[in-house]
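**Q** One-letter residues, chain by chain:
2 protein chains.
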Amino acid sequence: MAGDGVEVAKLEEKELKLCEDQVSHLALDIGGSLIKMVYFSSSSSCSTDDQENGFIREGTNTSSGNLEYRVLSGRLHFLKFETSKISECIEFISSKRLQHYGDQGDEAPAGDKHIVKATGGGAFKFSDLFKEKLGIILDKVDEMSSLVAGANFLLKAVHHEAFTYMDGVKDYVQIDHKDLYPYLLVNVGSGVSMIKVDGDNEFERVSGTSVGGGTFWGLGKLLTKCKSFDELLELSHQGNNRVIDMLVGDIYGGTGYSKIGLTSTTIASSFGKAVSQNKELEDYRTEDVARSLLRMISNNIGQIAYLNALRFGLKRIFFGGFFIRGHEYTMDTISVAVHFWSNGEAKALFLHHEGFLGALGAFMSYEKQGCTDIAHQFMEEHSSVAKSPFCTSDRLESSTHTDVKDNGCIECRVQVRN
Amino acid sequence: MAGDGVEVAKLEEKELKLCEDQVSHLALDIGGSLIKMVYFSSSSSCSTDDQENGFIREGTNTSSGNLEYRVLSGRLHFLKFETSKISECIEFISSKRLQHYGDQGDEAPAGDKHIVKATGGGAFKFSDLFKEKLGIILDKVDEMSSLVAGANFLLKAVHHEAFTYMDGVKDYVQIDHKDLYPYLLVNVGSGVSMIKVDGDNEFERVSGTSVGGGTFWGLGKLLTKCKSFDELLELSHQGNNRVIDMLVGDIYGGTGYSKIGLTSTTIASSFGKAVSQNKELEDYRTEDVARSLLRMISNNIGQIAYLNALRFGLKRIFFGGFFIRGHEYTMDTISVAVHFWSNGEAKALFLHHEGFLGALGAFMSYEKQGCTDIAHQFMEEHSSVAKSPFCTSDRLESSTHTDVKDNGCIECRVQVRN
Chain X
1 MAGDGVEVAK
11 LEEKELKLCE
21 DQVSHLALDI
31 GGSLIKMVYF
41 SSSSSCSTDD
51 QENGFIREGT
61 NTSSGNLEYR
71 VLSGRLHFLK
81 FETSKISECI
91 EFISSKRLQH
101 YGDQGDEAPA
111 GDKHIVKATG
121 GGAFKFSDLF
131 KEKLGIILDK
141 VDEMSSLVAG
151 ANFLLKAVHH
161 EAFTYMDGVK
171 DYVQIDHKDL
181 YPYLLVNVGS
191 GVSMIKVDGD
201 NEFERVSGTS
211 VGGGTFWGLG
221 KLLTKCKSFD
231 ELLELSHQGN
241 NRVIDMLVGD
251 IYGGTGYSKI
261 GLTSTTIASS
271 FGKAVSQNKE
281 LEDYRTEDVA
291 RSLLRMISNN
301 IGQIAYLNAL
311 RFGLKRIFFG
321 GFFIRGHEYT
331 MDTISVAVHF
341 WSNGEAKALF
351 LHHEGFLGAL
361 GAFMSYEKQG
371 CTDIAHQFME
381 EHSSVAKSPF
391 CTSDRLESST
401 HTDVKDNGCI
411 ECRVQVRN
Chain L
1 MAGDGVEVAK
11 LEEKELKLCE
21 DQVSHLALDI
31 GGSLIKMVYF
41 SSSSSCSTDD
51 QENGFIREGT
61 NTSSGNLEYR
71 VLSGRLHFLK
81 FETSKISECI
91 EFISSKRLQH
101 YGDQGDEAPA
111 GDKHIVKATG
121 GGAFKFSDLF
131 KEKLGIILDK
141 VDEMSSLVAG
151 ANFLLKAVHH
161 EAFTYMDGVK
171 DYVQIDHKDL
181 YPYLLVNVGS
191 GVSMIKVDGD
201 NEFERVSGTS
211 VGGGTFWGLG
221 KLLTKCKSFD
231 ELLELSHQGN
241 NRVIDMLVGD
251 IYGGTGYSKI
261 GLTSTTIASS
271 FGKAVSQNKE
281 LEDYRTEDVA
291 RSLLRMISNN
301 IGQIAYLNAL
311 RFGLKRIFFG
321 GFFIRGHEYT
331 MDTISVAVHF
341 WSNGEAKALF
351 LHHEGFLGAL
361 GAFMSYEKQG
371 CTDIAHQFME
381 EHSSVAKSPF
391 CTSDRLESST
401 HTDVKDNGCI
411 ECRVQVRN
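Line by line, the protein sequences are chains X and L. Okay, so the first sequence: first residue is 1 according to UniProt numbering, each after it adds one. Okay, so the second sequence: first residue is 1 according to UniProt numbering, each after it adds one.
Keep in mind that a hint or two might mislead.
Claimed, not checked - These stretches of chain L come out as covered by chain X in the derived footprint (C-beta under 8 Å, 3 or more residues): (1) 142 to 155; (2) 311 to 324.
Claimed, not checked - Here chain X is said to cover these stretches of chain L; the calculated rule only asks that three of the stretch's residues, wherever they fall, bring their Cβ under 8 Å from a Cβ of chain X: (3) 24 to 38; (4) 81 to 89; (5) 211 to 225; (6) 241 to 248; (7) 274 to 281.
To be clear, the hints were calculated from the coordinates, so they are not data collected in a lab. We put the CB at the ideal spot given by N, CA and C, even for glycine.
Next up, chain X with everything else stripped away, as it sits in the complex (with noise of 0.2 Å):
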């Protein structure tokens, strides 16, 4: 995580430049370790469909009054920042004007109230920050309900969204949207929350674990010495846990226990073979530590996921939150897991912008406002009129519009009102 988000400012910095004067909607998740920020840009450099479709619309006749819109095409742009250096996060968003994108209240004078909406519990902590640095009023949106915002607009409308991993196999899953719900999502960010998703806004949040990224992260920073989460992550790739963990078949003498179902591989304690080496924490490779940790937080994620899944009769899993981070490894112990405990009956779904999804949802959360002066909606592609100009995400079912380009942009169109 250190740097990381000045890394991908960098990335961005380029096609932000060309974008700025475009930028519209900026939307802030506020987390434990990391902000997460989304914005929309619509400049010709970015937007590859305006001039080809001629898109841009204006004057829709909509179920809530005659109201003038524009329909712009885009992308929706994702940054990140570490919190601990949320200074770097405020720089980025004064350097590049984006205060003046979030949504700016109709009685106040332009430039003078600038509202964003933002979620995390960052949100509530860093308020009176924003205020003061950007003179940014930071509009909170509640934590679940983003996350399940944008979730499920992920995975209406965005192609190669969700796939599934295992054994080496990465394989896209077309999500048929009428069978979508229920579902179980798991956010892994610094802690876990675990939310049942039965529909567009109906959820409850089940469960939860504190054993999550922060818990790698931070462990992981104090056992290996590594300076960012994702070198920590490299470091697990290279490493072998059976070098620390305890297998039944250490136990066992190099048999499993058969009965039970139980290998000689099986990890029967995790970390357990240094209770009996005689080796301090300097003697063990950052390798192998790194992998021992990952596989047992990995593991421990899809177990109490798939304990949870059975409770409510869930098949799919939706893993999130910014942990996984396409990491293989992590990837392969949370499907074994879940394949493993489900007897093969529920099944580990990961998803492209797992980190995104407050964020996403802080964003959607814009168009629900009916009463503010900008609402915009992802278009659908096979439907000529947009059914309504305050779109919920179900209305993004079968747009394929939205799609996900190589840094992970999403291309996708946007309606303003005027």
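Since chain X is already given, all that's left is putting chain L on it; use the hints.
**A** Quick look at chain L alone, frame taken from chain X:
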């Protein structure tokens, strides 16, 4: 754990000397980290009931024929050693000639072939070692069966065995034997097994986790350089987990997330503060590290146990294994986890002889083998005639002769075929 075996052995030494001529029925549970030992002694010094009650009877007429039995009063003794220092265990057995007090096969010349009941993976792993060093043939008893038999015995036969612990208050629970089943047995050894127990020998291992006692001790040793499990526990007693754990209040700026029932002091991410604090391992107090680790693991075990109890509608969860050790904070954390997640519907119960379930089960298995030359029976106090010489633990229902002494010995009677 380091040195514990020796320590316990020393404690017992004086008593053992008095009893050694009357020792019988050695049984072992050889786990990944610890070897647990149970044996029975019937010396006059140990047996308080023999003379008082004139309880030695011979020639009990049994359902299996006219067999000659002696009923001996005495004590069950409990010792533990570290598995990594198995030579200490072997020396102890050898010096006390305990190997003679297993079960001698009918056809073997005395002193030549000693059969000792043993369970745990080490019964397989160290089979050759015991044969070579002590001439002992380890008669392997299934690990899960042993745990269940041991737990059922304790719950039915021993006063002041099971108790709840919450908010600093320890309450002994008198088990209604007719209402004992079903229950969830959670054995926290190096790893954790979760067993649904439906009757005397009816059970199923329904779950488990690799995050157990071996994780606490292994990871704790790496993090704190502690020399023993108990030293680590003691450290944790003086620590403050809030120094390293990221609380909901840390994310939300001092407030909780009341909408979903998370107070400001709820742990959002175990070890999560280490992510952003610019500290290395050495900058933290070992007490605080130990505390966070204990809290993380205890809470996780409590949560997974609850989720499994919920699956099967089990209201009582008994925690065994050598992880808990009567440690108040551990019990409190587990109790709170079970209480919190179950909305008070499920209850965590702890066992005075928590660590010896497997060894006791192996011990009990002597009596189940009607074909061997030794059968023994824990007598029912309120029944003047034993129901069967091959007692299974359900015959212990109203026994109050089995009672716990301060050093963990259990006073009881065994019936031995001459």
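**Q** Each of the hints needs a verdict: does it hold here or not?
**A** Tested hints:
Interface restraint, the segment 142 to 155 of chain L with chain X: holds (3 residues with C-beta to C-beta distance below 8 Å; minimum three). Given a C-beta distance limit of less than 8 Å, the hint that chain X covers the segment 311 to 324 of chain L is violated, as 1 residues qualify and 3 are needed. Proximity of the segment 24 to 38 of chain L to chain X, defined as three or more residues with a beta carbon under 8 Å from a beta carbon of that chain, is established by the 3 residues found. Coverage of the segment 81 to 89 of chain L by chain X holds [criterion: at least 3 residues with CB-CB distance below 8 Å; count 3].
Counting residues of the segment 211 to 225 of chain L whose C-beta sits closer than 8 Å to any C-beta of chain X gives 12, which meets the bar of three, so the coverage hint holds. Note: the segment 241 to 248 of chain L has 4 residues with beta-carbon separation from chain X under 8 Å; the three-residue rule is met and the coverage holds. Beta-carbon proximity to chain X at under 8 Å applies to 5 residues in the segment 274 to 281 of chain L; the threshold of 3 is reached and the given coverage holds.
Consistency with the previously given hints fails for number 2 only.
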